[in-house]
Amino acid sequence: MGSIHALGYVVLRGLRGMGQAPLVQMLAIATMAVCMLLLGLVVLVWTNAQGVVQAWGIDVPVTVYLADGADDEAVDRLAERIVALPEVETVEGISPKMAMARLADGLGGDQGLLEGIDASVLPASLELQLALGTPADFAAALADRLEESEVVDEVAVAGDWVGKVSTMLDTLQLLAVGAGILVSLACMAIVWSTIRLGVYARRAEIQILRLVGGTSSFVSGPFVVEGMIQGASGAAVALGLLYLGFDALRPFLESGLSLVFAAGSLEFFSPLGVGVGIAFGAAIGIAGSRAAVARYVEA
Amino acid sequence: MGSIHALGYVVLRGLRGMGQAPLVQMLAIATMAVCMLLLGLVVLVWTNAQGVVQAWGIDVPVTVYLADGADDEAVDRLAERIVALPEVETVEGISPKMAMARLADGLGGDQGLLEGIDASVLPASLELQLALGTPADFAAALADRLEESEVVDEVAVAGDWVGKVSTMLDTLQLLAVGAGILVSLACMAIVWSTIRLGVYARRAEIQILRLVGGTSSFVSGPFVVEGMIQGASGAAVALGLLYLGFDALRPFLESGLSLVFAAGSLEFFSPLGVGVGIAFGAAIGIAGSRAAVARYVEA
Amino acid sequence: MATLEFADVTMTYGSGSTRRRALLDVSFVLDRGAFAVLSGPSGAGKSTLLKLILAMERPESGSIRVAGRDIQRLRKASIPYLRRNVGSIFQDFKLLLEATPLENVALSLQILGMRHREAQARARRALERVEISPDTRRATRCLSGGEQQRVAIARALAGEPAVLLADEPTGNLDPRLTKEILELLAEVRLRGTTVLLATHDPQVMSWADCTDFLRLQGGKLMEHRKTLDGVAAPRASDEQAGPVLMGAVA
Amino acid sequence: MATLEFADVTMTYGSGSTRRRALLDVSFVLDRGAFAVLSGPSGAGKSTLLKLILAMERPESGSIRVAGRDIQRLRKASIPYLRRNVGSIFQDFKLLLEATPLENVALSLQILGMRHREAQARARRALERVEISPDTRRATRCLSGGEQQRVAIARALAGEPAVLLADEPTGNLDPRLTKEILELLAEVRLRGTTVLLATHDPQVMSWADCTDFLRLQGGKLMEHRKTLDGVAAPRASDEQAGPVLMGAVA
Ligand SMILES: Nc1ncnc2c1ncn2[C@@H]1O[C@H](COP(=O)(O)OP(=O)(O)OP(=O)(O)O)[C@@H](O)[C@H]1O
Ligand SMILES: Nc1ncnc2c1ncn2[C@@H]1O[C@H](COP(=O)(O)OP(=O)(O)OP(=O)(O)O)[C@@H](O)[C@H]1O
Ligand SMILES: [Mg+2]
Ligand SMILES: [Mg+2]
Numbered sequence: 001m002g003s004i005h006a007l008g009y010v011v012l013r014g015l016r017g018m019g020q021a022p023l024v025q026m027l028a029i030a031t032m033a034v035c036m037l038l039l040g041l042v043v044l045v046w047t048n049a050q051g052v053v054q055a056w057g058i059d060v061p062v063t064v065y066l067a068d069g070a071d072d073e074a075v076d077r078l079a080e081r082i083v084a085l086p087e088v089e090t091v092e093g094i095s096p097k098m099a100m101a102r103l104a105d106g107l108g109g110d111q112g113l114l115e116g117i118d119a120s121v122l123p124a125s126l127e128l129q130l131a132l133g134t135p136a137d138f139a140a141a142l143a144d145r146l147e148e149s150e151v152v153d154e155v156a157v158a159g160d161w162v163g164k165v166s167t168m169l170d171t172l173q174l175l176a177v178g179a180g181i182l183v184s185l186a187c188m189a190i191v192w193s194t195i196r197l198g199v200y201a202r203r204a205e206i207q208i209l210r211l212v213g214g215t216s217s218f219v220s221g222p223f224v225v226e227g228m229i230q231g232a233s234g235a236a237v238a239l240g241l242l243y244l245g246f247d248a249l250r251p252f253l254e255s256g257l258s259l260v261f262a263a264g265s266l267e268f269f270s271p272l273g274v275g276v277g278i279a280f281g282a283a284i285g286i287a288g289s290r291a292a293v294a295r296y297v298e299a
Numbered sequence: 001m002g003s004i005h006a007l008g009y010v011v012l013r014g015l016r017g018m019g020q021a022p023l024v025q026m027l028a029i030a031t032m033a034v035c036m037l038l039l040g041l042v043v044l045v046w047t048n049a050q051g052v053v054q055a056w057g058i059d060v061p062v063t064v065y066l067a068d069g070a071d072d073e074a075v076d077r078l079a080e081r082i083v084a085l086p087e088v089e090t091v092e093g094i095s096p097k098m099a100m101a102r103l104a105d106g107l108g109g110d111q112g113l114l115e116g117i118d119a120s121v122l123p124a125s126l127e128l129q130l131a132l133g134t135p136a137d138f139a140a141a142l143a144d145r146l147e148e149s150e151v152v153d154e155v156a157v158a159g160d161w162v163g164k165v166s167t168m169l170d171t172l173q174l175l176a177v178g179a180g181i182l183v184s185l186a187c188m189a190i191v192w193s194t195i196r197l198g199v200y201a202r203r204a205e206i207q208i209l210r211l212v213g214g215t216s217s218f219v220s221g222p223f224v225v226e227g228m229i230q231g232a233s234g235a236a237v238a239l240g241l242l243y244l245g246f247d248a249l250r251p252f253l254e255s256g257l258s259l260v261f262a263a264g265s266l267e268f269f270s271p272l273g274v275g276v277g278i279a280f281g282a283a284i285g286i287a288g289s290r291a292a293v294a295r296y297v298e299a
Numbered sequence: 001m002a003t004l005e006f007a008d009v010t011m012t013y014g015s016g017s018t019r020r021r022a023l024l025d026v027s028f029v030l031d032r033g034a035f036a037v038l039s040g041p042s043g044a045g046k047s048t049l050l051k052l053i054l055a056m057e058r059p060e061s062g063s064i065r066v067a068g069r070d071i072q073r074l075r076k077a078s079i080p081y082l083r084r085n086v087g088s089i090f091q092d093f094k095l096l097l098e099a100t101p102l103e104n105v106a107l108s109l110q111i112l113g114m115r116h117r118e119a120q121a122r123a124r125r126a127l128e129r130v131e132i133s134p135d136t137r138r139a140t141r142c143l144s145g146g147e148q149q150r151v152a153i154a155r156a157l158a159g160e161p162a163v164l165l166a167d168e169p170t171g172n173l174d175p176r177l178t179k180e181i182l183e184l185l186a187e188v189r190l191r192g193t194t195v196l197l198a199t200h201d202p203q204v205m206s207w208a209d210c211t212d213f214l215r216l217q218g219g220k221l222m223e224h225r226k227t228l229d230g231v232a233a234p235r236a237s238d239e240q241a242g243p244v245l246m247g248a249v250a
Numbered sequence: 001m002a003t004l005e006f007a008d009v010t011m012t013y014g015s016g017s018t019r020r021r022a023l024l025d026v027s028f029v030l031d032r033g034a035f036a037v038l039s040g041p042s043g044a045g046k047s048t049l050l051k052l053i054l055a056m057e058r059p060e061s062g063s064i065r066v067a068g069r070d071i072q073r074l075r076k077a078s079i080p081y082l083r084r085n086v087g088s089i090f091q092d093f094k095l096l097l098e099a100t101p102l103e104n105v106a107l108s109l110q111i112l113g114m115r116h117r118e119a120q121a122r123a124r125r126a127l128e129r130v131e132i133s134p135d136t137r138r139a140t141r142c143l144s145g146g147e148q149q150r151v152a153i154a155r156a157l158a159g160e161p162a163v164l165l166a167d168e169p170t171g172n173l174d175p176r177l178t179k180e181i182l183e184l185l186a187e188v189r190l191r192g193t194t195v196l197l198a199t200h201d202p203q204v205m206s207w208a209d210c211t212d213f214l215r216l217q218g219g220k221l222m223e224h225r226k227t228l229d230g231v232a233a234p235r236a237s238d239e240q241a242g243p244v245l246m247g248a249v250a
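Protein chains in written order, with this note's numbering: chain A, 1 to 299; chain B, 1 to 299; chain C, 1 to 250; chain D, 1 to 250.
Extracted from the complex, chain A is given alone in its bound form (with noise of 0.2 Å):
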C-alpha cells in the first residue's frame, strides 16, 4: 500500500471507529477533559501564585525608620550608600503624610479609627527594594548594620507576617509542583486505561488485522489517531472550561487578592500556552494509545 494511501486509510479508519461509538467517544473525552482541567488548574494557579508572590515579595521588604529630628544631609547620605549596595533596587524616602495616607489605605474604610491623629506623630522612613533572589539573611544583615547609623531609629525587615506568608508561599509552589505532577500522572493513567479498555473491547478485530497481514503501525494507526483526537478535545474542552470559570471569578478573586496582596492581576494562558496544553493532551493520548495497543497488536 503507497504509503500516503495508507496514512490516510488509517486516519479514516480512526475516525470511522469513532464514529461507531459516539457515546464512549464522548464519555473518553470527558474523562480526560476532567483530568486536563484539574491539571490545568493546578498550572493556572501556580503560575499566578508565582506572579503575585513575585509582585509581592519585593514589595516594602525592608523599611527604615529615621530618627526623629535626622539631619537631611546625613540622610541623603545613608541613602546612597544603600542605594550603592548590588542587592537594593531602590531607595524611597517616605514623609510621616505619605505614611500616614498610606495607613488610612490599609485599613480601608474604617477610617475613624484614625481620626484625630496627627501625621507628625509618624515617624520619616527610607523604603530599600531589594533585587529579586537577594537571599533572606541578607535583610536582617542589612538591617543590623543600618541600625548602627545614629539618624537610624529602627529597622523593620518586612515584618513577622511577611516572611510567614513568604514561606508559606513557597511551600505552596513546591506542593503544587509536587500535585501537578501526580495529577499529570494520573491522567496520563486514566487516560491509558480509557483507551486500553477501548482497544482491550476490539482485540479480535486487532488480531484480526495482523492475521490478515496488517503492519503493527497499519493495525495500531486507528487507534493512536483515536487516542490523539481524544487527547487534544479533552485538553481544548478543559482549557475552555478553565477559560470561563476563570473569567467569571477573576473580579473576585482579584478584588479578594488585593486585600492580601498589592499585585492583583491575574493571567489566563497565552495563545502559545494553550497550544502547547492542546498538544500535550494530544501527546498524552498518543502515548496511551500506543501503549495500550502494544499489547494485542504483538499477539
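Pairs of lysine-lysine, DSSO-like flavour, derived with a Cα cap of 30 Å:
hint : chain 1 : residue 1 : chain 2 : residue 2
1    : C       : K179      : D       : K51
2    : A       : K97       : B       : K97
3    : D       : K179      : C       : K220
4    : C       : K179      : D       : K179
5    : C       : K51       : D       : K179
6    : D       : K51       : D       : K179
7    : D       : K94       : C       : K51
Hint data in this document are derived by calculation from the structure and do not stem from the laboratory.
Fit chains B, C and D with the ligands to the known structure of chain A by using the hints.
Frame of chain A, contents of chains B, C and D with the ligands only:
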C-alpha cells in the same frame, strides 16, 4: 438457586472478575479516586469557607465611636437600649487602650509605625455583634439612628471592603455549589463510562450467561458488586489522599487565612461525613454499573 | 404429548434495506422424547428456528409453544426459566473462553440451582462422556475447535433439559466422535428429552436414529416426515439438487 | 519446487501444569501447486500445524520454510509480509463481525496494497463466487454460520496467495456448497497456489482432488501419501479405528 447461595456466588464472582484483571481494576479505582478527590476538595473548601464566613461575618459589623468625653451613664443607657434590639447579639465597650492594642495587633510585627502614638488619640467605642441572618440594610438603618444620639460621634458599619468580601464569598459559595454539581455529574459519567467499557469488553460473557438461563440480576450482579467496590474504594482512596493533603496544608492555610479573617480553624470531614462519602462512592458505583450492564443484559 | 409446537411461524430480521425474511409459515409438532433432524442448506433458517425456541428472537407472527407454554406470552423475567429447560449446543459454541471447560459446565448447572459440589460432580461426568478431561486447567480458548464443540455438548447435556437444541453439533468432529455424540443424543432422548438437531451433513442425518425428519429450504418447511423409530436417511438428491436460491445472501 | 517444508517440527503449548505437546517431529514437503489434505481426529494438531505456517505460534524445535524462507528467522516486522502471501480460512472464521462481508474482503485486499476501487471490484467477484451477495449492508454478525464461513473463504481466495490454508472450510456448509468450494480450491491450485486443507470429514477427503494426503494423529504425522493428481480417498477405517488417546484433553 437458593438466594443466599446465589448472593454468595454473585459476590464471589464479582471479586474473582476483579482479580482477573487487577490492572484494569486499579485504573478504574484510580479514575474514581481522582474524580472523588476533586469532588471532595470542592465540598471541603465549601464547608470550610462557609465556616470562615460565618465566624467572620458576625465579627464587628458595627462599631459605634463615642464622642470625646461622653457621659459614662449615657453610654451605658445607650448600650442597654441597643442590646435590647432582637437583631443585636452582644455589645462590648472598647476603651482607647484596647483599640490601640488591636491596631498594633492588626499591623503584625510592623509596630514601628505606631511608636510614639498615645492611645488616647484613639476614640472609645462600642462594638455590636448582630445576630446571624440579620439583613445587611438593618446595620445601615441602625447606624443612622445611632448617629442621632449625642454620645455617638460616628458609626462605622463594617467598612467598605468587608461588604465587598462578603458578596464575593457569597458568590464564591454559589459558584462552588455549581462546580460541585458539575463535578459530581462528571464523576458519575466517568465512573459509568469506565464500568461500561469493562462491561462492553465482557458482553459476550453476559450474553452466554443469559443464554444458559441466568436471570438478569444473576448476570448483572457481579458487575454491580464490582462497581460498588470500585466506587467505595475510589472514594476511600480519595478521602485518604484528601486528608493527607489537608493535614499537610492546614498550618499554612490557617496562618494564611488568619491574616485576612479572624477565624482560622479549618476542619476535615467528620467520621460521619467520611462514611457518607464512601457510601456515596459505592452508590455511584452501583448506579453506574447497573446502567452500564442494563443494555447488554437485555439482549 | 407435544413438547414443541410451531404454528404458522414467520420471522423477519432487521428492517428497511437490511430486512430479511428467515422463516415463512412454519408449522410442526414434536412429541415428548422425539428426536428430530432439521436439515436444509446454508441460510435455510435452521439456526433461526432454534433461536426462536430460546426466545433469542421474536417471531413476526404465529405462535410457539414449549412444553405447553406459549413463549410469546412469557414475561421478560420468565425467559431465564424457559432457557433452563432448554439445553442448547450453539453453532458458534458460546462458551466462556477464559474459563476452564469444567467451569463452563458447572456454572451452567449452578444457574439451574444446583449446589457447587453436585454441579462439579455432574459437570465432570458430562465432560468425560465427550472425552474432555475435566481436570484441565487450560482456558477453553486453548482447546482445539472440536474440543470446544465437545465442551458445548457437555454443557447442554449436563442439565438434562426437557428440550435439547443442537445446531450443527458435530461440524468440528471426526467421524468416530460424531457417531458417539449421536449415540449420546439418542440416549438422552430415551430419558424423555425432545431433541432437535439442525444439520446439513448427510452423514449425520443417516447416522442419527431419529423419529422426525424436517427439511427447511428458503425459510419454508418443505417436509416433515415421521420415521417410526427408524433411520430417516435423506435422499442425497434432496440436498444437492436444483438451484438453491436462498443460499445466497440478498 | 518446495513451497512448504516442515523439518522435525515439534510444538508445545503452555508451560507447567498446562503444558501440552501438540506436534512431534513433523516433517513433510509440499510442492508449488500441491493440493494437500491434512486429516486427523479432533485434537490431532491440524490447526496447530496451520498456525505455525502463519507464525501465529512458534515451534519448540525444527524448521519451517515457506516459499524458501525459514520463518523462524523472520524478524517480527516481516511477519505481516509472510502473512500476505498466505491466505487462510480459519476454523472460527476470524471475520470482522461488525463490518459487512464486502468490507471484510476488501479491507484484506487493501492491506495487500491494492487501491480502494480495485479492492472493491475484486472483493465483489470473490463474494459472488461463494454465493454471497456483495451488496448486503448487513454486518457479518447477522449472517448464518455457513454464510460467514463463505465470507471467510472469499477473503482467503481474493488475495490469490502463494499458499492457501483452509481449516475445516466446509464444516458449516451443505453438500452442494461443499462440492463447489472444493472445486474452487482445485481451481486455485491450478494457478500455482499450494493448498493445505485440514479436515476430518471423510466426504471432503473423498471429494477433494488432492495431490498429497497427510494424516496426523496425536501430534504425529502417521502418513504422507502422494496421489498422482488422483483422489486420495481415506480408508474409512483410518479415521474410526482404535482408541484415539489424544482426542481427550489431558
Ligand atoms: N492455545 C492452546 N494452548 C494450549 N493447548 C492448545 C492450544 N491450542 C490447542 N491446544 C491443544 O493442542 C492440541 C492440538 O490442537 P489443534 O487445535 O491443533 O487440534 P485440531 O487437530 O485442529 O483439532 P480439531 O479438529 O478439534 O480442531 C489439542 O489437544 C489442544 O487441546
Ligand atoms: N441477525 C440477523 N440479522 C439479519 N439476518 C439474519 C440474521 N441472522 C440470520 N440472518 C439471515 O437469515 C437467514 C437464515 O439464517 P440462519 O442462521 O437461520 O440459517 P441456517 O439455516 O442456520 O444456515 P447455516 O447452515 O449456514 O448456519 C440467512 O439468510 C441469514 O443471512
Ligand atoms: Mg446456522
Ligand atoms: Mg482445529
